[in-house]
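Given the structure of chain A, go ahead and fit chain B onto it with the hints provided.
2 protein chains.
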Amino acid sequence: MKRLLIASTSTVHGKAYLEYILPELELFFKGVNEIVFIPFARPGGMTYDEYTERASLGFKKLKIRVKGIHEYENQIEAVKNAKGIFTGGGNTFELVKQLYDQKLIEPIKTTVNKGIPYFGTSAGSNVTGLTMKTTNDMPIVYPPSFDTFGFINFNINPHYLDPIEGSTHMGETRETRIQEFHKFNAAPVLGLREGSWLEVVGAKIVLRGTLQARLFLKDKTPIELDTNTDLSDLK
Amino acid sequence: MKRLLIASTSTVHGKAYLEYILPELELFFKGVNEIVFIPFARPGGMTYDEYTERASLGFKKLKIRVKGIHEYENQIEAVKNAKGIFTGGGNTFELVKQLYDQKLIEPIKTTVNKGIPYFGTSAGSNVTGLTMKTTNDMPIVYPPSFDTFGFINFNINPHYLDPIEGSTHMGETRETRIQEFHKFNAAPVLGLREGSWLEVVGAKIVLRGTLQARLFLKDKTPIELDTNTDLSDLK
Chain A
1 MKRLLIASTS TVHGKAYLEY ILPELELFFK GVNEIVFIPF ARPGGMTYDE YTERASLGFK
61 KLKIRVKGIH EYENQIEAVK NAKGIFTGGG NTFELVKQLY DQKLIEPIKT TVNKGIPYFG
121 TSAGSNVTGL TMKTTNDMPI VYPPSFDTFG FINFNINPHY LDPIEGSTHM GETRETRIQE
181 FHKFNAAPVL GLREGSWLEV VGAKIVLRGT LQARLFLKDK TPIELDTNTD LSDLK
Chain B
1 MKRLLIASTS TVHGKAYLEY ILPELELFFK GVNEIVFIPF ARPGGMTYDE YTERASLGFK
61 KLKIRVKGIH EYENQIEAVK NAKGIFTGGG NTFELVKQLY DQKLIEPIKT TVNKGIPYFG
121 TSAGSNVTGL TMKTTNDMPI VYPPSFDTFG FINFNINPHY LDPIEGSTHM GETRETRIQE
181 FHKFNAAPVL GLREGSWLEV VGAKIVLRGT LQARLFLKDK TPIELDTNTD LSDLK
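Each protein sequence line maps, in turn, to chains A and B.
For the record, in the first sequence the residue sitting at position 96 is 96 according to UniProt numbering, with numbers rising by one throughout.
For the record, in the second sequence the residue sitting at position 6 is 6 according to UniProt numbering, with numbers rising by one throughout.
There may be inaccurate statements among the hints.
What the hints assert, rightly or not - Listed next, with one range per pair, are the computed distances between beta-carbon atoms:
(1) B:P222 to A:L217: 38 to 46 Å
(2) B:P222 to A:G150: 35 to 43 Å
(3) B:K83 to A:Y142: 28 to 36 Å
Claimed, not checked - If you want the footprint, here are the derived chain B segments under chain A, 3+ residues with CB under 8 Å:
(4) 41-51
(5) 187-199
As the list claims (entries may be wrong) - Distance condition first, Cα-Cα at most 25 Å in a straight line; then the derived SDA-like pairs of lysine to any residue:
(6) A:K220 to B:E50
(7) A:K183 to B:T47
(8) B:K97 to A:Y142
(9) B:K2 to B:K103
(10) A:K218 to B:E50
Treat the hints as calculated values from the structure; they're not laboratory data.
As the structure is a prediction and not an experimental result, all values here were calculated from the model.
All C-beta atoms in this analysis are idealised placements derived from N, C-alpha and C, irrespective of residue type, glycine included.
Excised from the complex, chain A in its bound form (with noise of 0.2 Å):
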């Protein structure tokens, strides 16, 4: 049975590196004591090692281990042998680019399908949905396919930023965004603000934290959906 835990964002203002999210993660990952972490995204361009340290931190209060997936001889078998599996955020390009440069598509959904604990932010969570089409990030490299996991039956918009009132800025809201995305694609999309998080189990997905999200269906009005609403028939 797939568990995930699907995060808008790994960090709120004012608060240190998945601090919000730390006593889910606890329940999450219990029993866990080692991951495999994936830090392809690179946020700021960071390298591998960087990144793995940072997340290192972050699970040090669970006393979970974190292994970057870099360190592995054999990238493949660290899929299949992985307890648990984190995919950080940045930037997504890169992230797929990566995962399909390093064949870990296939594996990383088999793995996870088995059962293997997913925890993805932002990047991380935008892998998750059918496509990259809806991450809010610049193509710096050109992955082979905008394809991605599909470990839901919908897209996710991660970082949601309702509009800024009073914005003298011309260049397009996440909202006028997300409708042109729905002129060449019928996806559902699910805008999920900084704080939020699915919880993934087999195949019931809810809305968590304490925020509202906002979806977006093809030729219908967006509505706003209430933290602990059940999303297992959203497709």
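Below, chain B alone, put in the same frame as chain A:
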């Protein structure tokens, strides 16, 4: 001798579509009474006809007729015979996908390099650079390549946005995104604020408008460039 106007935006806050740049366009398109409009970027998902209508209204004061490229039976011939080209903003991924799908990349390169004036706004400016890897847009469709026209030897970031002071949002700032780009790419990136444009005449490239632009070079601290700065040697 190639001639381009590469504008950050079509519209500045509080003014009508193209209004702020009309005096410049009048000089730029002097002697031209009809231009071919490329509406592929479809802002907000509007149709080609709707977008062409908008562009026509923008050029009405200059008595320049605007014809959408989709109205021609043979789009490649339309480019070859164009007296001027205007590529409008919207979604850069869809724009680039269509430019490749319709096999227009090489014809437009040839036409512009032989001296037909090219005006771009936003996404239409992104594509004048080496690649579209510094667009702000959402990857709603998968283009066959991120390579673009390369009329200038660097990349544009249109709608350049300074960090919002006091923001509690944890998503990356524009500057962070461009610095991530430089972890994987060497090309200079010019952050063009709304109301700025580049004037290209042959090998000469000059920053125009009233604002400064922000120049990002790999492994260097970003710098502010004053209007009228000569960028001809930037590469």
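Okay, the hints, checked on the actual structure:
Look at B:P222 against A:L217: about 40 Å separates their beta carbons, and that is inside 38 to 46 Å. For B:P222 and A:G150, the Cβ-Cβ distance of about 38 Å falls inside the hinted range of 35 to 43 Å, so the restraint holds. About 34 Å separates the C-beta atoms of B:K83 and A:Y142, a value consistent with the hinted range of 28 to 36 Å. By the rule of at least three residues with a Cβ nearer than 8 Å to a Cβ of chain A, the coverage given for the region 41-51 of chain B holds, with 4 such residues.
Counting residues of the region 187-199 of chain B whose beta carbon lies closer than 8 Å to any beta carbon of chain A gives 1, which falls below the threshold of three, so the coverage claim is violated. A C-alpha spacing of about 21 Å is found between A:K220 and B:E50, which places the hinted pair at or below 25 Å, so the restraint holds. Proximity of A:K183 to B:T47 is assessed by CA-CA distance (about 10 Å); at most 25 Å being required, the pair is judged to hold. Simply put, B:K97 and A:Y142 have alpha-carbon atoms about 13 Å apart, close enough for the 25 Å limit, and the pair holds.
Under the criterion of a C-alpha separation no larger than 25 Å, the hint pairing B:K2 with B:K103 is consistent with the structure, at around 21 Å. Between A:K218 and B:E50 the alpha-carbon distance is near 20 Å, which keeps this suggested pair within the 25 Å criterion.
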